[in-house]
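**Student:** Using our numbering, read the sequence shown as starting at 1 and increasing by one per residue.
Hint data in this document are derived by calculation from the structure and do not stem from the laboratory. The reader is advised that the hints may include incorrect statements.
[Said to hold, decoys possible] Derived DEER-like restraints, expressed as beta-carbon distance ranges:
hint	residue 1	residue 2	range
1	Ala-49	Val-13	34 to 40 Å
2	Gly-30	Thr-8	41 to 47 Å
3	Ala-37	Ile-5	15 to 21 Å
4	Lys-54	Gly-23	47 to 53 Å
5	Gly-32	Ile-12	19 to 25 Å
6	Asn-4	Lys-52	34 to 40 Å
7	Glu-51	Leu-19	41 to 47 Å
8	Thr-8	Arg-38	18 to 24 Å
Even for Gly, the Cβ is constructed at its ideal location relative to N, Cα and C.
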Amino acid sequence: MFQNIGTTEVAIVAVLLLLLFGGKKLPELGKGLGEAAREIRKVFTEDDASEKKKKS
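Using the sequences and the accompanying hints, generate a full structural model.
**Tutor:** This is how it looks when you write it as structure tokens:
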């Protein structure tokens with residue numbers, strides 16, 4: 001999906017995020033995104049485990 005993204009594009013996105021959210025908000029934003037990703041992953045793994053139990 002993101003195989004064609006180079007270093008320049010990543011740098012541009014990072015600068016835009018810094019300009020939009022500021023230096024103080026970025027760590028909070030990253031923390032929130034990390035927690036959301038963990039919750040989503042947890043839901044999918046719990047769903048897979050319940051499906052395996054039903055099949056047994």
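**Student:** Hint by hint, note whether the structure agrees.
**Tutor:** Verification of the supplied hints:
1. Ala-49 / Val-13: 34 to 40 Å: 35 Å, holds
2. Gly-30 / Thr-8: 41 to 47 Å: 22 Å, violated
3. Ala-37 / Ile-5: 15 to 21 Å: The hint (15 to 21 Å, Cβ to Cβ) holds, given that Ala-37 and Ile-5 are roughly 19 Å apart.
4. Lys-54 / Gly-23: 47 to 53 Å: Holds - the Cβ-Cβ distance for Lys-54 and Gly-23, about 49 Å, lies within 47 to 53 Å.
5. Gly-32 / Ile-12: 19 to 25 Å: For Gly-32 and Ile-12 the Cβ distance comes to about 22 Å; the hint holds.
6. Asn-4 / Lys-52: 34 to 40 Å: 36 Å, holds
7. Glu-51 / Leu-19: 41 to 47 Å: 44 Å, holds
8. Thr-8 / Arg-38: 18 to 24 Å: Because 30 Å falls outside the window, the suggested range is violated.
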